[in-house]
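Protein chains: 2
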Amino acid sequence: MPRYRWRRRLRGTRCPRNISGFLEPCLLFLLHHHPAHGYELLDRLRRFGFDKLEVDPSTVYRALRWMEMQGLVESEWDFKTSGPPRRVYRLTEEGDRILASWVDDLRETSRMLNHFIKAYEKHMEQEKK
Amino acid sequence: MPRYRWRRRLRGTRCPRNISGFLEPCLLFLLHHHPAHGYELLDRLRRFGFDKLEVDPSTVYRALRWMEMQGLVESEWDFKTSGPPRRVYRLTEEGDRILASWVDDLRETSRMLNHFIKAYEKHMEQEKK
DNA sequence: GTCAATATTTGCAATTTGCACATATATTAT
DNA sequence: ATAATATATGTGCAAATTGCAAATATTGAC
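Read top to bottom, the protein sequences are chains U and F. Numbering-wise, the numbering used here puts 31 at position 21 of the first sequence, and it's gapless, one number per residue. Numbering-wise, the numbering used here puts 95 at position 85 of the second sequence, and it's gapless, one number per residue.
What the hints contain is simulated information worked out from the structure, not anything from laboratory work. One should not assume that every hint holds.
Pairs count within a copy or across copies, as identical chains cannot be separated in the list.
[As the list claims (entries may be wrong)] Calculated cross-link-like contacts (lysine to aspartate or glutamate; reagent style DMTMM-like; alpha-carbon spacing at most 25 Å):
1. 90 <-> 50
2. 138 <-> 103
3. 128 <-> 104
4. 128 <-> 53
5. 132 <-> 103
6. 90 <-> 53
7. 138 <-> 106
8. 90 <-> 78
9. 128 <-> 50
10. 132 <-> 106
11. 128 <-> 114
12. 132 <-> 118
13. 128 <-> 118
14. 138 <-> 84
15. 132 <-> 53
16. 132 <-> 104
Let the sequences and hints guide you as you build the complete structure.
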């Protein structure tokens, strides 16, 4: 009997759901602007609109390494900057193509989600009458 | 090195993402119309708009049992109808309340998703210039 | 009698995530 | 000096979640 992580919610707070394969296109999108290292991406993700959906560093680093294996990004170590070395990622052409198709998938996801929300609202509207 | 189920896509097909905790509100919503058994709900889910996101029977039955444990639905066996007996679920008051808060969560999820899609489109629009 | 449709459920392996920690460098405070 | 903090990247492991396959049982059609 699993406890269901997403069902834990404090009263009065929103608890947006995890969407599988949402993080990866977000990372590729940020890399489309300019190359960056994981820690920076983590920060930009949070300020982008994921403040309510806490992003775990390990998830981000793992996603980046996985995408590198798939040839969607490439990385190089940067020792020049102060502090610990950074692994700087940049988007490949393949990554750019995949990003477009993933956004297509997410549009489909969004349609499904909105279809449900609208249906719920319509149904509740009729209930009141 | 996991293979990532959601990344399997045939060329030219959309592959909408799984949203954690999306199935449960959908089931509660269908039960808000009238009591129903699992097999019927499975069928109504598919025709509702999940034709592209295949729903596995085991997932549906498990979600129903879990929600019963939580007091969101109640069930009774129906032996009267022909064929194998059916476990008929109906929504509880608690289920009704939870449904509303889960839809709120999904609205937040939808906002995040659309925020990303819009940002992507805007960025790509600027690229072209 | 066999096949298909209906209906519910379990088992198991694979996937995915969250949390805690390990490591290391540079900066700032004490 | 050294302790604490911010930066930066990772690993290990348990728990959550899913997908697939199969087991079971009833009814109706051929």
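Verification of the hints:
Within a single copy, residue 90 and residue 50 get their C-alpha atoms as close as 16 Å, which meets the 25 Å cut-off; across copies the closest is 62 Å, which misses it. Taking the closest pair of Cα atoms, residue 138 and residue 103 come within 25 Å of each other only across two copies (16 Å); inside a single copy the shortest separation is 53 Å, beyond that limit. Only between protomers do residue 128 and residue 104 lie at most 25 Å apart by alpha-carbon distance; the minimum there is 22 Å, versus 36 Å within a single protomer. Proximity of residue 128 to residue 53 under the C-alpha cut-off of 25 Å is restricted to the inter-copy arrangement: shortest distance 20 Å between copies versus 33 Å within a copy.
Within a single copy, residue 132 and residue 103 get their C-alpha atoms only as close as 44 Å, which misses the 25 Å cut-off; across copies the closest is 20 Å, which meets it. Within a single copy, residue 90 and residue 53 get their C-alpha atoms as close as 21 Å, which meets the 25 Å cut-off; across copies the closest is 59 Å, which misses it. Taking the closest pair of Cα atoms, residue 138 and residue 106 come within 25 Å of each other only across two copies (14 Å); inside a single copy the shortest separation is 48 Å, beyond that limit. Within a single copy, residue 90 and residue 78 get their C-alpha atoms as close as 22 Å, which meets the 25 Å cut-off; across copies the closest is 58 Å, which misses it.
In this assembly of identical chains, residue 128 and residue 50 lie within 25 Å of each other by CA distance solely across copies; the values are 22 Å between and 37 Å within a copy. For the homomeric pair residue 132 and residue 106, the shortest alpha-carbon distance between copies (16 Å) is at most 25 Å, but the shortest distance inside one copy (39 Å) is not. Taking the shortest alpha-carbon separations for residue 128 and residue 114, both the intra-copy value of 21 Å and the inter-copy value of 12 Å come in at or below 25 Å. In this assembly of identical chains, residue 132 and residue 118 lie within 25 Å of each other by CA distance both inside one copy and across copies; the values are 21 Å within and 18 Å between.
When the C-alpha separation of residue 128 and residue 118 is checked against a cutoff of 25 Å, the pair qualifies both within a copy, at 15 Å, and between copies, at 14 Å. Taking the shortest Cα distances, residue 138 and residue 84 sit within 25 Å of each other only across copies (24 Å), while inside one copy they are farther apart (56 Å). For the homomeric pair residue 132 and residue 53, the shortest alpha-carbon distance between copies (21 Å) is at most 25 Å, but the shortest distance inside one copy (38 Å) is not. With identical chains, the CA atoms of residue 132 and residue 104 are at most 25 Å apart between copies only, with a shortest distance of 21 Å across copies and 42 Å within one.
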